[in-house]
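These protein sequence lines are chains P and H, in that order. Counting from 1, one number per residue, gives the positions in the first sequence under UniProt numbering. Counting from 1, one number per residue, gives the positions in the second sequence under UniProt numbering.
FYI, nobody ran anything at the bench for these hints, they're computed from the structure. A portion of the hints provided could be inaccurate.
Said to hold, decoys possible - A few chain P residues facing chain H, derived, Cβ under 8 Å: (1) Ala94; (2) Asn113; (3) Ser115; (4) Leu126; (5) Arg133; (6) Arg134; (7) Arg273; (8) Leu295; (9) Leu296; (10) Val297.
Just so it is clear, the structure is predicted and the values come from calculations on it, not from any experiment. Yeah, the Cβ is synthetic: ideal placement off N, Cα and C, and Gly gets one too.
Protein chains: 2
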Amino acid sequence: MPDTARAAAGPTPERRYGNRPTMKDVAARAGVGLKTVSRVVNGEAGVSPDTERRVQESITALGFRRNDSARILRKGRTASIGLVLEDLADPFYAPLSRAVEEVARAHGALLINGSSAEDPAREQELVLALCARRVDGLVIVPASGDHRYLEPEIAAGVATVFVDRPPGHIEADQVLADSFAGARDGVAHLIAHGHRRIGFIGDRPGIHTAHERQRGYLAAMEAAQLPVHDGWVAAGTTDPERVRADAERMLSGPDGVTAFFAGNNRVTVTLVRVLAELDRPVALVGFDDFELADLLVPPVTVVAQDPAQLGRTAAGLLFRRLEGANDPPRRMTHPTRLIARGSGELPPAT
Amino acid sequence: MPDTARAAAGPTPERRYGNRPTMKDVAARAGVGLKTVSRVVNGEAGVSPDTERRVQESITALGFRRNDSARILRKGRTASIGLVLEDLADPFYAPLSRAVEEVARAHGALLINGSSAEDPAREQELVLALCARRVDGLVIVPASGDHRYLEPEIAAGVATVFVDRPPGHIEADQVLADSFAGARDGVAHLIAHGHRRIGFIGDRPGIHTAHERQRGYLAAMEAAQLPVHDGWVAAGTTDPERVRADAERMLSGPDGVTAFFAGNNRVTVTLVRVLAELDRPVALVGFDDFELADLLVPPVTVVAQDPAQLGRTAAGLLFRRLEGANDPPRRMTHPTRLIARGSGELPPAT
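Let the hints inform the model, and build the full structure from the sequences given.
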């Protein structure tokens, strides 16, 4: 975190990661007993105004926040972590969520999820709502490109790990798949099977993974000294109508593409439908594996990432922080794997 | 709710559904001003012990709970509802979650999800954790068969709607698909296409929908006066190994089944794999539609429910309650729809 950003986050925290400050920390700093802190926090009588002010100053300095859930439950608080996804309906996130949940459970913690629906404002609202609801840590698939709003929370001890996409303008643990190399290798695979006119249909260009995969496509084309026509690269929502329109446009005319590289599983599934309607074979390699890809005709060649592994790694990093690890933020990149099944090995239609 | 259960839930609430009691309600009942209630709730000075006791009694009687998230955020509280699912990795729940989220958003509320992983203890832990985190209402796909643990929460004003499966031992709004009729019609469809030896592979029998669908299978067989051999009905986890073993057992021998009815989409997907490996056609009808079913060979005939509609209806009922509707709990049952695509119209192999 740059110093200016840290300054903007409010009072300098005495610890960045690790356990949140406890009442004991507040008591030590204020030079009072635990019972006194408890009285102040719970608004009970019997504390002098001077002492109360000292305790309040200590609370502010440490970023201490009372554990309200515990009081409501009147028993030990249930540890919980939050997971903020991009889209509940994208099957890519199902194994990722489940893996995070399994790690959380192994640590005796509950997992609470929410979806940003790819809306930065919604992401922020949801993240802060989860913090206000006292999650101990967060795993975030970011929709936003600026996470400085999280600095006060991180400073107050909310461990935070980003997965699938990096954070914006803050330093934090992050777990990514190698989107660039994966896409580059997938496109090189199509080129190796004789394709020269290859279309790329990706997700919205503001999304990190979409951008990286497009870069990978361009790198593979350049490495093979192949020209890329303007009409061969399309980025936008994964809405089936949009993908279909771009695909049909790229297929049309005498110089239509003979192969597609799809930027994610939502795009791939629509392309499978579009290509099934054609009277000529068109090759397809998709980023992301998906259920039943191997049973389609032809079976679909994919660049697979392992969303469960991404989730497990991210959750593992999170609990490492929650258990007190204090080393600088890490960036872990998982390789992808090309699975050749048939659709990516079709030769160019003559 | 039976009277005994209500008694066990603590002080009789003055309202069952509708908005939670507010500070204003507490003030009115205690015969004090709003500022006094605020002082008591926030532990501020300036309230006599007598008045404080009266306010506390009013708080207890009304089941009022302070909005702690609001204080933490230091701005208006974000309304939120919780959704407790059975399995994050089952694609059936993706459109259901998304529909609930869209309704929540239209009402200015956040959606927070959790998964019970089909574990009743986990469900209870998660539901109570969400209540402690001050959700305004809950949509629950229950794993548990006994929801009396929710009575104090419902009494305190947490609106609750069950979806996909009914609640156990409490009365509450519920939104179901017609599992019995759907399965009965799907099996009748196979019988109409000449099948006499039909296997049923379902989810665990303790699950309401699994039980209802098995009942539907048996009803269709009985209506056609067809015998059901012991080995033709298998219930258990949706683990692919289990489903595969049951399917292979039912297919073996001279009297092997010529068709399957699959109890849900997880079972169907495994059966598609098993049947793709056979050298003879075996008919298949599956409960639940699933992505790409129409592009498989043969395309898969399904009894479709509309999970988005289930979610929308459940969320609609929830916000109706949150807006004050006070009528008796409703049970809404949505019909299913048979979509004939090919696999369910195959004749029996000779």
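Here is what the structure says about each hint:
1. Ala94: Since chain H brings a Cβ to about 4 Å from alanine 94 of chain P, closer than 8 Å, the hint holds.
2. Asn113: holds, 4 Å
3. Ser115: Check passed: Cβ of serine 115 of chain P comes within 6 Å of chain H, closer than 8 Å.
4. Leu126: Holds. Min distance 6 Å.
5. Arg133: Result: holds, 4 Å to nearest chain H Cβ.
6. Arg134: With a minimum Cβ separation of about 7 Å from chain H (threshold 8 Å), the hint on arginine 134 of chain P holds.
7. Arg273: Cβ of arginine 273 of chain P sits 7 Å from chain H, so the hint holds.
8. Leu295: holds, 6 Å
9. Leu296: Holds. Min distance 6 Å.
10. Val297: holds, 6 Å
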